[in-house]
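Colleague: In case you want the letters, here they are:
2 protein chains.
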Amino acid sequence: MSPRGRRPGGADTRQAIVEAARVDFAEQGYDGTSLRGIARRAEVDPALVHHYFGGKPQLFAAVMDIPVDPSALIGAVLAGPRDRIGEALVRTFLRVWDDEAGRQRFQALVRAAVTHEEATRMLREFLVREVFGRVVRELATEGPEEPSGADQPALEVRAGLAASQMIGLAMMRYIVEFPAVVEATHDELAALVGPTLQRYLVG
Amino acid sequence: MSPRGRRPGGADTRQAIVEAARVDFAEQGYDGTSLRGIARRAEVDPALVHHYFGGKPQLFAAVMDIPVDPSALIGAVLAGPRDRIGEALVRTFLRVWDDEAGRQRFQALVRAAVTHEEATRMLREFLVREVFGRVVRELATEGPEEPSGADQPALEVRAGLAASQMIGLAMMRYIVEFPAVVEATHDELAALVGPTLQRYLVG
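Heads up: the protein sequence lines correspond to chains A and B, in order. Just so we're aligned, residue 1 is where the first sequence starts under this note's numbering, counting upward by one. Just so we're aligned, residue 204 is where the second sequence starts under this note's numbering, counting upward by one.
In short, the hints are calculated from the structure, not lab data. Even glycine gets a Cβ: it sits at the ideal position worked out from N, Cα and C. Check the hints yourself; a few may be wrong.
Stated by the list, open to error - One-sided excerpt, in silico: chain B residues whose CB lies under 7 Å from chain A:
hint : residue
1    : A242
2    : R314
3    : A316
4    : E359
5    : V360
6    : L364
7    : I370
8    : M374
9    : I378
10   : V379
11   : A387
Stated by the list, open to error - Chain B is faced by these chain A residues, among others (derived, beta-carbon under 7 Å):
hint : residue
12   : V110
13   : V114
14   : A140
15   : I167
16   : G168
17   : M172
18   : V176
19   : F178
20   : T185
Make the full structure from the sequences, and use the hints.
Modeller: Here it is, written out as structure tokens:
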């Protein structure tokens, strides 16, 4: 919690930054938190925060114990062929979460979201800004079926529904552990769920 | 918890049956629980359990504080036009959960599922037996595209994915509270999510 006057390198500093970020994200939400404020709380130079984490989404991923920065994954998926976004999203998602450690992390995330108002808020703000914000911006400007900003609200609903399908898949596979969904292979899930995401996101 | 020698009618008996059922479902799962065992624990005649609740799914709904018996709703949806099952499921689901009381019940369900192993187990067994079991049986025997039992496993995955979409929608609307999904009307959600369920269940 309270940093003990440390400053430069090492795991100690990194940990102090994560702890400071955890407090700031919880108290001020994702949007209200700045790297500068986190550095102040951790009593380190702001440059060190950049050095260790790169930016706010990576720091958030570290705080939430998410193995990879979701916004980077989304970027990679969006850079691939537009007509296979759905399938790529399913495969990428399963690659990140689909082992025992991932399952436990997902359970912890859901548990936090249903028990702590602050966790829900920072998760929502992160998803809106770093994940859906990116998806909506990229698809709105490039997609042939989204010619203007007029379809923006519809696209936001559809991005939210794409997320709902991924969250629901994880709920059935990692929490409810519905047998047929647990036993399905990545190929089967990509073939079945991919078109759903494709339709939501690209139309 | 321990019944105080009561027997016949009234809210007292009904409550004793619900409490006995809560213990049995938690200890033995949904499948392992019998109405006879519940009657024994509640120290009432088994006929009274039937009288008050009808059967095991209705009693389970009472224990879980679900406003309606999901298996009855599923039956009603399956009885409607086969080509509008997806849309009907979305509308029925939203009608049940989409108010403040429903939102709180859904949060309580998810909280129980991520914190208590027994709650997860009984919820899974109930969903498999009373909800998906019914969907799979009805679609497998009637659907023109499911001629034999050979497609049964695939149908079970697809029924599980239909459930995943509904659970995910509820997560985004009632727990994460993603703005665009919260603001969407029932008509919009039926139009967007209906085809997803339709494709999973009917193909």
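Colleague: Determine for every hint whether it applies to the structure shown.
Modeller: These are the hints, each one checked on the structure:
For A242 (chain B), the interface hint is violated, since its Cβ never comes within 7 Å of a Cβ in chain A; the closest pair sits about 29 Å apart. Nearest Cβ of chain A to the Cβ of R314 (chain B): about 5 Å, under the 7 Å cut. The hint holds. Of the supplied interface hints, the one on A316 (chain B) holds, with its beta-carbon coming within about 6 Å of a beta-carbon of chain A, less than 7 Å. Interface restraint check for E359 (chain B): the shortest CB-CB distance to chain A comes to about 4 Å, inside 7 Å, so the restraint holds.
For V360 (chain B), the interface hint holds, the least distance from its beta-carbon to any beta-carbon of chain A being 5 Å, beneath 7 Å. At a threshold of 7 Å, the smallest CB-CB gap from L364 (chain B) to chain A is about 6 Å, leaving the interface hint in force. The criterion of a C-beta within 7 Å of any C-beta in chain A is met by I370 (chain B), whose closest approach is roughly 4 Å, and the hint holds. Contact between M374 (chain B) and chain A, as hinted, is supported at the beta carbon level, the nearest pair being about 5 Å apart and thus within 7 Å.
Because the beta carbon of I378 (chain B) sits about 6 Å from the nearest beta carbon in chain A, less than 7 Å, this interface hint is met. For V379 (chain B), the interface hint holds, since its Cβ comes within 7 Å of a Cβ in chain A; the closest pair sits about 5 Å apart. Taking 7 Å as the C-beta contact cut-off toward chain A, the hint placing A387 (chain B) at the interface holds, the least distance being around 5 Å. Satisfaction of the interface hint for V110 (chain A) is found here, the shortest Cβ-Cβ separation to chain B being roughly 5 Å, below the 7 Å cut-off.
The beta carbon of V114 (chain A) comes within 5 Å of a beta carbon in chain B, closer than 7 Å, and the hint placing it at the interface holds. The criterion of a C-beta within 7 Å of any C-beta in chain B is not met by A140 (chain A), whose closest approach is roughly 13 Å, and the hint is violated. Proximity of I167 (chain A) to chain B holds as hinted, the smallest CB-CB distance being about 5 Å (cut-off 7 Å). Interface hint at G168 (chain A): satisfied, since its Cβ lies 2 Å from the closest Cβ of chain B, which is below the 7 Å cut-off.
At about 4 Å, the closest approach between the beta carbon of M172 (chain A) and any beta carbon in chain B falls short of 7 Å, and the interface hint on this residue holds. Checking V176 (chain A) against chain B by beta carbon gives a least distance of about 5 Å; that is within 7 Å, so the hint holds. Contact between F178 (chain A) and chain B, as hinted, is supported at the beta carbon level, the nearest pair being about 5 Å apart and thus within 7 Å. The interface hint given for T185 (chain A) is broken, as the beta carbon of that residue sits about 10 Å from the closest beta carbon of chain B, more than 7 Å.
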